[in-house]
Structures are given as structure tokens and as C-alpha cells.
Amino acid sequence: MIKINPAELKLISQYIQDISGIYLDQSKSYLFETRLSSVAEAYGCKSYQELQTKAKMDSTKKIEKEIIDAITTNETLFFRDKGPFELLQFKILPEIIDARSSKTALKTNIKIWSAAASTGQELYSIAIVIKELLRDSPDYIFTLLGTDISDAAIAQASYGKYNRFEIERGLDKKYLQKYFTLFGDSWKIKDELRAMVNFRKINLMQPFNALGKFDIIFCRNVAIYFTLEDRKKLFNKMADILADDGYLVIGSTESLTGICPKFIPKRHLRSIFYQKK
Amino acid sequence: MKNLSILVVDDDPVIRRLLEQRLKNERFHVEVAEDGYAAEKILRHKYFDVVLTDLMMPGDIGGIEVLEIAKELNSKTEVLLITAHSSVHTAVEAMKKGAIDYLEKPINFDELFLRLDKISNVQSIMKNAQDLQFAMNTTESAASATIQDLEIQVSRQREMLDRLETVLRDGQATDEVKVEQALTIFDQM
Chain A
2 MIKINPAELK LISQYIQDIS GIYLDQSKSY LFETRLSSVA EAYGCKSYQE
52 LQTKAKMDST KKIEKEIIDA ITTNETLFFR DKGPFELLQF KILPEIIDAR
102 SSKTALKTNI KIWSAAASTG QELYSIAIVI KELLRDSPDY IFTLLGTDIS
152 DAAIAQASYG KYNRFEIERG LDKKYLQKYF TLFGDSWKIK DELRAMVNFR
202 KINLMQPFNA LGKFDIIFCR NVAIYFTLED RKKLFNKMAD ILADDGYLVI
252 GSTESLTGIC PKFIPKRHLR SIFYQKK
Chain B
2 MKNLSILVVD DDPVIRRLLE QRLKNERFHV EVAEDGYAAE KILRHKYFDV
52 VLTDLMMPGD IGGIEVLEIA KELNSKTEVL LITAHSSVHT AVEAMKKGAI
102 DYLEKPINFD ELFLRLDKIS NVQSIMKNAQ DLQFAMNTTE SAASATIQDL
152 EIQVSRQREM LDRLETVLRD GQATDEVKVE QALTIFDQM
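Note that the protein sequences, when read in sequence, are chains A and B.
All the letters of the first sequence, read from the start, carry residue numbers 2 to 278 under our numbering.
All the letters of the second sequence, read from the start, carry residue numbers 2 to 190 under our numbering.
None of these hints come from the bench; they were simulated from the model.
There's no promise every hint is true.
[To be verified] Simulated crosslink set (PhoX-like; lysine-lysine; CA at most 25 angstroms straight-line):
hint : chain 1 : residue 1 : chain 2 : residue 2
1    : B       : Lys-98    : A       : Lys-174
2    : A       : Lys-174   : B       : Lys-25
3    : B       : Lys-77    : A       : Lys-162
4    : A       : Lys-238   : A       : Lys-267
5    : A       : Lys-179   : B       : Lys-72
6    : A       : Lys-29    : A       : Lys-55
7    : B       : Lys-97    : A       : Lys-162
8    : B       : Lys-97    : A       : Lys-83
9    : A       : Lys-234   : A       : Lys-202
10   : A       : Lys-191   : A       : Lys-175
11   : A       : Lys-92    : A       : Lys-277
12   : A       : Lys-175   : B       : Lys-72
13   : A       : Lys-174   : B       : Lys-47
14   : B       : Lys-77    : A       : Lys-174
15   : A       : Lys-174   : B       : Lys-42
16   : A       : Lys-191   : B       : Lys-47
17   : A       : Lys-179   : B       : Lys-97
18   : A       : Lys-162   : B       : Lys-98
19   : B       : Lys-72    : A       : Lys-189
20   : B       : Lys-72    : A       : Lys-162
21   : B       : Lys-98    : A       : Lys-179
22   : A       : Lys-278   : A       : Lys-234
23   : A       : Lys-175   : B       : Lys-106
24   : A       : Lys-175   : B       : Lys-98
25   : B       : Lys-72    : A       : Lys-191
26   : A       : Lys-57    : A       : Lys-11
27   : A       : Lys-162   : B       : Lys-42
28   : A       : Lys-179   : B       : Lys-128
29   : B       : Lys-77    : A       : Lys-191
30   : A       : Lys-11    : A       : Lys-234
31   : A       : Lys-189   : B       : Lys-97
32   : B       : Lys-97    : A       : Lys-191
33   : B       : Lys-128   : A       : Lys-174
34   : B       : Lys-98    : A       : Lys-189
35   : A       : Lys-189   : B       : Lys-77
36   : A       : Lys-234   : A       : Lys-267
[To be verified] Derived contacts from chain B toward chain A, CB cut-off under 7 angstroms, selection only:
hint : residue
37   : Ser-76
38   : Lys-97
39   : Thr-139
40   : Glu-141
Note that the Cβ used here is the ideal one computed from N, Cα and C, for glycine as well.
Please model the complete structure; the sequences and the hints are all you need to start from.
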């Protein structure tokens, strides 16, 4: 494994923050080494500085993508932390449907964004909740978007294939039979669910108002990797694209206190969600 | 006793006996089945860490079927296939269906023990990961309950401070009225 020196730590840490927003503590040199050493070696680099120089010069951005894939944490599972999905099923969806229906004869379009979708489990879990709650009601059109900064994560999410370790974590047996088909040693999401969702690559540090307004935003366990300043920017941008009566769900150990005064927390059973003031 | 339980499935009594003996000598917990049917019966009643099965056996339940049954009953069970050189192609197909590896006949026991060691290592890493997962979930749910309570409390206090500010900055009211109103807001919290 290539060792990282203090000057490189500073350089690489800044570089990673610039390209991804992810802030890595410079005291944790092993984090850089275990995650980036193989990328450096694959490009024949003797040092991390050399890797950074090569990555910057690479107009195809291939090295930068690989660095992002290596540095991002894809820890996720189906129905990770049951709370937010119960919140969605029993509070948010009924309320939003109530607020949006009946106003016109047109179909109600409800837009949901999973802002750090990773390998897709969160968005597919949301799709399952919707499917279970509304069956195939023709009155509503759901637009489900999943975004992530990692190309590798987005590729897996789009493909919708999960190995048994990924499947066994969090997914109810009844949903497995209903929404997945056995695919060799893995499971693949069924077309009816796959057709409900879209995935694309997005860097949350960059402007994203072109995505339009959303009714529900899930932004869980991603801001924890950002600096306080970047968190403030992120949630302010989210406030701009959340509908006035929309819902924001963040990670269960995250807080918006001192980060974005535009949101107020509201409690439902054991969970919290945020709405604009 | 080693930490793996192994079910040996082979219709050849000599090989079956040999495998049983060698694995027992290595202090594995071993049971045997003389064909796929017997294997299915045993698997339905008991969990094994590893099923070591011959690929080609008489009857409708061959090695592939044993693999499918074992995996369906408990996906944690690892299946190792024993195959003649001529049926390596089938063994590769079986690996696509979830077999962890295959061994060619005649069985090289060093190779077999090496594979079992690897399975044992992977299983203990998996166990470790599950324990960590459990510890993380426990910590996370305790932390989130605390953080969410604080979040709500802070938000209420913020709201109270805003109301107090409005009351106290009211240019029309007398100081006495202001204090009165402020105290009412305070009592409502």
C-alpha cells in the first residue's frame, strides 16, 4: 500500500472536497490509504500527488470518477431504519395525497427525490411503500428520482440487481417474492418497480434547481460527510426546490439546528420530518 | 470440534466413508447422506454450514438439486461440489447457481481442507459484520432518539423566544403589560 505524507493529506483532502463535497479528516491517513491506494496503483502512480495530477489532467474524468467511487460510502440497505418508511406510509403520503387530490380533474403528480440514492435500496423501498399503499391507482403519477455522486453506485441502482447479502439486510421475505426475481445467485428488481424509478448522477455541491420542485425529499446520511458550511448550502438549496407544503426527511441521527432556519422539525410517532416555515 | 458442521452427500459408500472419516479426524462435525433424497430429508430438519455433495447421483435429486434445496432452506449454507473432470462444465454452471466452489475427483484432501478453512473464515467475518451491524443499529437508534428529542425541544424554545421577542419589542404596550404577556408565554411552555 502506498503511504501518504502530510503534505499529500492536505492536498488530497482538499481535492476530494472540491470534487465531491466529502470532507475527510486529515488525521485519518489510513482512510486515504485503504481507499485510494489501489486506484493509484492501477494508474501506475508512485504517490498520491502523482495520482491527483493525473486525475486533474484526465479530460475524460475517468480517474476522478474512480476516486469518487473509492471514497464514497455506499452503506445502505432496504428499509434502512424502519422509521422513515412508516412515516412515508402513514403520514406523508396520506397527507400529500389529501392536499393534492380533488383540486382538479387532472391526475395528481407527486415528485419524490432520494438525494443520496447510493445503490438504490432507499428509492426501491419508497417505490414498494407506494405500490403497497396505492396498488396501481390510476389517479396518481409518481415521479421517483434517485441521485448519487458515484457512477458505480448509480450503475448498480439502475441495474437493480442485488446479491443475497444485500437482499437479506432489511428486506421482508414477502416483498422479496413479490418484487424481485431470482437471477443466478442474485435477485433482480421486477420491471414493474424498476419502471417507477429513475437514477442519475448528481453532485450535491453543484446547483440542482434544474431538477424542478419536489413534494418529498429524502436526504439521509449524506450531509454527515460534508463540512458545516457545505451542509448549510445544501439544505438551503433543498429548501428552494421543496414545494411549500413539501416534506424533507433526513437521517435519524442528523439535525438541522443551526444549519437551516428555513425548516422546522415535526414529530410523527418515533420519527421526525421537516417542513418549510 | 471445528466450528463448521458438514453434510456429506455421496452415493458411493467408499467415498462417503472416506470423507466422513477424514473430516471427523480433522474434528469437523459431520453427517452423511447416501443420496439426494436422504440429503433433502436431513436438510429439512437441520442446518449445516457446508454441504459437500457429489454432482452426479442416481435419481431425480442430483448435486444441482441438492444445491438448490440447501440454498432455498437456508442461503447461509455453503455448497461445495465434487465432480469428475468430465463434468467440470456442469460444476461451473452450479457455481452460477450459488455453489461456493467445486473439487475434482480424485479428492485432494489438502485442497478440501483449504476450501473449508476459507469458508470458515468467511463465515466468521460475516458473523463479525452482523455483530457490528447490530451494535451500530443499537447505537444509532439510541442516538437518534436523543437527537430528535433535542431537535424538537430546541425548535420549541426557538419559537418561544420569537414570541417573547415580539411581545417585548411591542412599542404600544406598557412595560407591565409586556411582562405579563411574557410570563404567560413562559407558562405555556
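Structure-based check of all given hints:
Between Lys-98/B and Lys-174/A, the direct Cα distance comes to roughly 20 angstroms. Compliance with the 25 angstroms bound is thereby established for this hinted pair. For the suggested pair Lys-174/A and Lys-25/B, the alpha carbons sit about 36 angstroms apart, so the restraint of at most 25 angstroms is broken. For the given pair, Lys-77/B sits about 19 angstroms from Lys-162/A by alpha-carbon distance, which is consistent with the 25 angstroms threshold. Note on Lys-238/A and Lys-267/A: the hinted pairing holds, with a Cα-Cα distance of about 20 angstroms set against a maximum of 25 angstroms.
With a C-alpha separation of about 19 angstroms, the suggested pairing of Lys-179/A with Lys-72/B holds against the 25 angstroms cut-off. The suggested pairing of Lys-29/A with Lys-55/A holds, with an alpha-carbon distance near 23 angstroms, which does not exceed 25 angstroms. Between Lys-97/B and Lys-162/A the alpha-carbon distance is near 15 angstroms, which keeps this suggested pair within the 25 angstroms criterion. With a CA separation close to 33 angstroms, the supplied pair Lys-97/B and Lys-83/A exceeds the 25 angstroms bound.
A distance of roughly 19 angstroms separates the Cα atoms of Lys-234/A and Lys-202/A; the hinted pair therefore holds under the 25 angstroms criterion. A C-alpha spacing of about 14 angstroms is found between Lys-191/A and Lys-175/A, which places the hinted pair at or below 25 angstroms, so the restraint holds. Restraint check: the Cα-Cα separation between Lys-92/A and Lys-277/A comes to about 16 angstroms, which is no more than 25 angstroms; the hinted pair holds. The suggested pairing of Lys-175/A with Lys-72/B holds, with an alpha-carbon distance near 18 angstroms, which does not exceed 25 angstroms.
With a C-alpha separation of about 21 angstroms, the suggested pair Lys-174/A and Lys-47/B falls inside the 25 angstroms cut-off, and the hint holds. Between the alpha carbons of Lys-77/B and Lys-174/A the distance comes to roughly 15 angstroms, so the proposed pair stays at or under 25 angstroms and holds. Between the alpha carbons of Lys-174/A and Lys-42/B the distance comes to roughly 24 angstroms, so the proposed pair stays at or under 25 angstroms and holds. Between Lys-191/A and Lys-47/B, the direct Cα distance comes to roughly 32 angstroms. Violation of the 25 angstroms bound is thereby established for this hinted pair.
Between the alpha carbons of Lys-179/A and Lys-97/B the distance comes to roughly 23 angstroms, so the proposed pair stays at or under 25 angstroms and holds. Restraint check: the Cα-Cα separation between Lys-162/A and Lys-98/B comes to about 15 angstroms, which is no more than 25 angstroms; the hinted pair holds. The hinted pair formed by Lys-72/B and Lys-189/A meets the criterion: a straight-line CA distance of about 17 angstroms does not exceed 25 angstroms. Restraint check for Lys-72/B and Lys-162/A: satisfied, since their Cα atoms lie roughly 18 angstroms apart, inside the 25 angstroms limit.
Of the pairs offered as hints, the one joining Lys-98/B and Lys-179/A holds, with about 21 angstroms between alpha carbons and a cut-off of 25 angstroms not exceeded. Annotation: proposed proximity of Lys-278/A to Lys-234/A holds, straight-line Cα distance about 18 angstroms (limit 25 angstroms). Pair hint Lys-175/A plus Lys-106/B does not hold up; C-alpha atoms about 41 angstroms apart against a cutoff of 25 angstroms. Distance hint between Lys-175/A and Lys-98/B is fulfilled; the C-alpha atoms sit about 22 angstroms from each other, no more than 25 angstroms.
Of the pairs offered as hints, the one joining Lys-72/B and Lys-191/A holds, with about 21 angstroms between alpha carbons and a cut-off of 25 angstroms not exceeded. For the given pair, Lys-57/A sits about 16 angstroms from Lys-11/A by alpha-carbon distance, which is consistent with the 25 angstroms threshold. This hinted pair does not check out: Lys-162/A and Lys-42/B have alpha carbons roughly 32 angstroms apart, beyond 25 angstroms. Between Lys-179/A and Lys-128/B the alpha-carbon distance is near 28 angstroms, which puts this suggested pair outside the 25 angstroms criterion.
Straight-line distance between C-alpha atoms of Lys-77/B and Lys-191/A comes to about 24 angstroms, which keeps the hinted pair within the 25 angstroms bound. Note on Lys-11/A and Lys-234/A: the hinted pairing holds, with a Cα-Cα distance of about 23 angstroms set against a maximum of 25 angstroms. Simply put, Lys-189/A and Lys-97/B have alpha-carbon atoms about 15 angstroms apart, close enough for the 25 angstroms limit, and the pair holds. In summary, the hint linking Lys-97/B to Lys-191/A is supported, as the alpha carbons are separated by about 20 angstroms, within the 25 angstroms threshold.
Distance restraint check for Lys-128/B and Lys-174/A: the Cα-Cα separation of roughly 21 angstroms lies within the 25 angstroms cut-off, and the hinted pair is therefore satisfied. The hinted pair formed by Lys-98/B and Lys-189/A meets the criterion: a straight-line CA distance of about 14 angstroms does not exceed 25 angstroms. Taking the CA atoms of Lys-189/A and Lys-77/B, the gap is about 19 angstroms. The hint holds against a cut of 25 angstroms. Proposed proximity of Lys-234/A and Lys-267/A is supported: the alpha carbons are some 22 angstroms apart, at most 25 angstroms.
Given hint, Ser-76/B at the interface with chain A, holds; its Cβ is 5 angstroms from that chain's nearest Cβ, closer than 7 angstroms. Taken as an interface hint, Lys-97/B checks out: its beta carbon lies about 5 angstroms from the nearest beta carbon of chain A, inside 7 angstroms. Violation of the interface hint for Thr-139/B is found here, the shortest Cβ-Cβ separation to chain A being roughly 12 angstroms, above the 7 angstroms cut-off. With a least beta-carbon distance of about 6 angstroms to chain A, the hint placing Glu-141/B at the interface is held under the 7 angstroms criterion.
Consistency note: the structure conflicts with the earlier hints numbered 2, 8, 16, 23, 27, 28 and 39.
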